[in-house]
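Same order as they appear, the protein sequences are chains A and B. For the first sequence, position 158 (counting from the first letter as 1) is numbered 158 according to my numbering, and the numbering increases by one without interruption. In my numbering, each residue's number is its place in the second sequence (first place is 1) plus 1000.
You can trust all of the hints, since none of them are fake.
Only part of the chain A face toward chain B is listed, based on derived beta-carbon distances under 7 Å:
no. : residue
1   : P403
2   : A445
3   : V547
4   : V555
These are calculated hints, taken from the structure and not from any lab test. No residue lacks a Cβ here, since even glycine has one placed at the ideal position from N, Cα and C.
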Amino acid sequence: MISQSPTLLVGCLALLLGWTAIGLAGLLRPRSVRLAGRVLFPLGALLGFALAAVAGASLLGGGFERLVLPLGLPGLPMHLRLDPLSSVFLVLLGASSGGISLFAGGYFRAGEGAAPGLLCLQYHLFLASMGWVLIADDAYSFLVAWEAMALSSYFLVTTQHRLAEIRRAGFVYLLMAHVGALCLLLCFGVLQGGSWQFTFAAMRAAHLSAGWASAAFLLALIGFGAKAGLVPLHVWLPEAHPAAPSPVSALMSGVMLKTAVYGLLRVGLDLLGHPLWWWGLVPLILGLFTIFYGVLFAAVQTDMKRLLAYSSIENIGVVFTGIGLTIVFAGSGLQAVAALALLATLYHSLNHALMKSLLFLGTGSVLHATGERNLGRLGGLIHRMPWVAWLTLIGTLAIAGLPPLNGFVSEWLLLQSFLFADHVPHAFVNLLIPMGMALVVLGAALAGYVMVKFYGVIFLGQPREPSLAHAHDCGWLERIGLTWLALGCLGLGLFPLQVIGALGSVTTQLIGTRVAQASAHWWLLAPVPGRPVSYGPLVFLTATLAVVLMTVLIVRLAYRQRVRRAPAWDCGFGALTARMQDTAEGFGQPIRHLFQAFFEIERELPAPADRAPRYRIAIRERIWKMAYEPLADAVERLADVAARVQQGRISVYLLYSFITLLVLLAVALMS
Amino acid sequence: MSTLGWITQVLEMVVALAAAPALLGWVNQCRAWLQNRRAPSLWLPYRNLHKLFHKEAVLAENASPLFRIAPYVVFGAMVLAAGIIPSMGTRLPLVVSADAIALVGLFAAARMFMTLAAMDVGTAFGTLGARREMMVGFLAEPALLMVIFVASLISSSTALPVITEHLVSGHLGLSPGLAFSAVAFILVLLAENARIPIDNPATHLELTMIHEAMVLEYSARHLALIEWAAQLKLFNYVCIGFALFLPWGVARGHIGPVGLLVAIPALALKLAAAGGGLALIETVSAKMRVMRIPEFLATAFLFAVLGLLVHVLLGA
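All chains, please: the whole structure from these sequences, using the hints.
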C-alpha cells in the first residue's frame, strides 16, 4: 500500500509552497491592482487546478505516501502524509479555490480596505495553510497549520477594519477559533495515550480505554464543531462571513468549513480506529438541530450574505448528520451502510464547496455592481446582469436539492442510508433515527423556500431602487470563475457514479469496504446494498429536456400566434410600483410567524396617527442572551477576581515567587 | 428493457395528457351535482385549453426569459412525472433512472420554476402567491416524502413500481403504518393541487388565492400550458395514491397487452371514484384562513411521521 517514492506528496508540497511564493510576490508592489489581479491571482488559480489534478491522481491510485521534513521541534520533525482521505479534501480545496481565485483576480479593486498586494499575501497564505492542514501527519504540524489558517483568515475578515462592526465580527471569530483550537490541543493530548508520541501513526497505534477514547472524540467534536459552525458553536459564522470580501467568504464557507469536517473524520474514523456506535448519536442529533436552526434563520435574513452564511450552517448540519450516521452504522457492524452514509457526507462536502462558493461570488458581483448587501434595495438584476443571474440560478437550484443537479445526489444518498436505520441493533435508537429523516427532508424543503427568496428578491421582479438601473455585469475573469463553479455543480450532478468510484478508496480506508455498484451501466447510480434502487441523472436530464423541447416544438408549430409586450396586468390594479413587491421581510414572514419561539424579535410598528410611519424589525438569536452573554459576564467577573492578585508592585511579585518556591520545596521533600 | 416497456411508458404519458383535463372536468361535474347546481360539460377543460392556445400571448414588459421558459419546464416536469408513476404498468424503463425521491424532486423543481416565474414580473400578487406557494410546499413536500418512505420501508425500495408490485403481491388490506400515511397523503393531495380547504380553484378573490395569484400575468399558450400542467399534477397525485394504497389492476411484470387491456378500465374506474371522493371532500369543507394552512399541513406531516413510527414499531 505504501509507495516508496512520495512523488505526488512532493508535488502537493511544491504547489503549497508555490502559493506561499505567489503571496510573497504580492509584496513586491503592494499597491498594484494589476500585478495582483491580472497576474498573481490567476496564477494561484492555476496552482489550484494543478493541486486538484495531483490530489485526484492520488485519490484514483488510492495509495499512501509519507514524508518527513527536517523541520519543526527537536525530536519531532514534521510528518506529512497523502492518503485517500486527505486527497479528496485537497481536490475540494484545489477545484473550488481555482474558480474563486480566478474570480478574485477580477474582483479586488484599489481603495477597498487593505492594499491588493497585502490581500494577495493573506489570501494565498490562507490557501497554503488549508492545504497544510490536510497533509499534516502529526499533531504539531497540524495545529501550527490550523492556527495559521485561523490567523490568515482573521486578517482577511478584517480587511475593512475601519468599521467597528467588522472589527467585532473578527474578534468573535478569533475567539471561537481559539476555543476550538484549545479543545483540539486537549484532544491530541488524550489521543497520544501516554506514549508522548505526537505523530498520527503513534495515535493510531495507541490503545485507549473506552472512556478516554470517548473523551477524545467529544473534544474533537467541540473543536472541529466550532470551526465548522455546528450549533451552538456557530455564532461567529453569520458575523464573519458577511464581513469578509466575497471571494474570502466563498473560501471560508466553501473550503475552510470542510477542513473541520476533514478533521472530525480523521480523528473519529482514522485515529480512533474503531468508533463506538453511540458517539455517532451526538453529531447526528447536533447535525439535525443545526439543519433546522440554520435554515430557519436563513429564511428570515435580509442581508444576502448573512442569508448565505446561515445556509452554510444548515449544510454543515447535513454533513454532520452524515458523519453521525456513518459512526452509528460503523459502530453497529453495518459496514456496507456506513460506507453509503460516508459517501453521502463526502459528496455533500464537495457539493457544498462548489455551490456555496458560486453563490457567495454571485453576491460579490451584485455587491460590486450595486453597492448593496441589503435585499430590500435590490431586485430585477436579471436584466442588468444576465451572466451573474443565470450562473447563480444554477447554484440556487443545486443548493435547493433539485434533480439533476449535484445537491440532489448527496441528499438522495443520505436519505437512502437513513432508510437502513431500522437495521441498527439497538432498541429505541432504531425508532428515533427514522424521525431524523423527517427533519432532513423538512430542512431540504425549507432550503428551497430560502433559495426562492434569495434568488427572487435579488434577481427577479422590479428594481427596488432607481440606482440599480446602472448596475453592470461582471468582468471576464469573474465570468470564467463563476462558469467553472457552475460547471462543477453540473458535473457532480450528472456523473455521480464516476465521483463515487473515485471516493471508493476513502471508504475503504475509513470503513474498510467499498460501496458495491449493483448496476453494470456507467450512467446508473445503484449503490444501495441489497436493494433495487437506482438513479440516473443523465437519463433524467435527457428525458426532461426531450419532453420540454418537444412541447416547445409542438406549440411553436401548431400555434403561430405572436407575442405582444404590454405593461404588467396585476389584476388591472393600475399604478404598479416596485414597492408593492414582497420585501425580504415579507417573504420570510410565514416562517417568522410559524417558528416564533426560535427568534428574538424586536419590532417597531407605526401608530395609526404617525406622520412618518416607520416599520422596523430586528431578529437576533436567543442564544446570545441565553448562553454567550452570561458566559462572557462570568469570564469578566472571574478576571476581576484574578486581577486582585495582580498588584503591579514588584515586591508583591517577588513574594509570590518566594512562596511558590517554598511550596515546591515542601512538595519535593514530602514525596 | 423490452419494447413493451417503452410502449407502456409512452402510453402512460399519452393517457395522462389526454385524461387529465377530463379528470378535472369530472371533479367539477361531481361537485356541481353535490351542490345541486347544473353541471358544466365534462369537456369544458379541453375547450378552455383549445381557446387559450389560439389566443395572442401578452407578456409583461419587464418579463425576463425565465418567465417564458417556466411554463414549458413545469409542463415537461408533469408529463415526465406521469411516465414515472406506475398508473397502468410496472415495467417502466425510465423508472430505473428516477425513483420516488427523484419524483418528489421533479415536483419540487416544477414548484421552484413556477414561484420564480411568479416573482419575475414583480407584481404584488405574484410575489404574494409565490410566498404562499412556498409556504404550502415546504410542509407538503416532506409530508409526501415521509408517506413514500413508509411504503419504501415496507418494500425495501424507493422505486415506485417495486413498491407497487410488492404491495399488490402482499395480503389484502392496508398495514397500520400505511393507513396513517394514507390520511397524510390525502391532506397533501388537497394542498398540493390547490383544492379546498387550502385554496379555492374557482376564485379570484385576492385575499385567499395561491395558485391563481402566481399565474395572473400569464396569458394564451403559456397559461394553457400551466393549466394543463396543473391538471396533470392532480392526475399524477391521484395516481401516486393508487400506486401506494390501491395498487390493484395495474399490469405487473411481464404481463403483455392483455394486462394493459385490464389496466385501462381499472384506472378509469379508480379515477372516477377518486374524483367523486375529491368532490365530496371539497363540498363538505370550507376554505381555511391562510395562516391556518401550516397547521393543516403540519397535521399531514405528523400523520406521515406517525405512520413511519407505527411501521417501525410494529415491523421491527
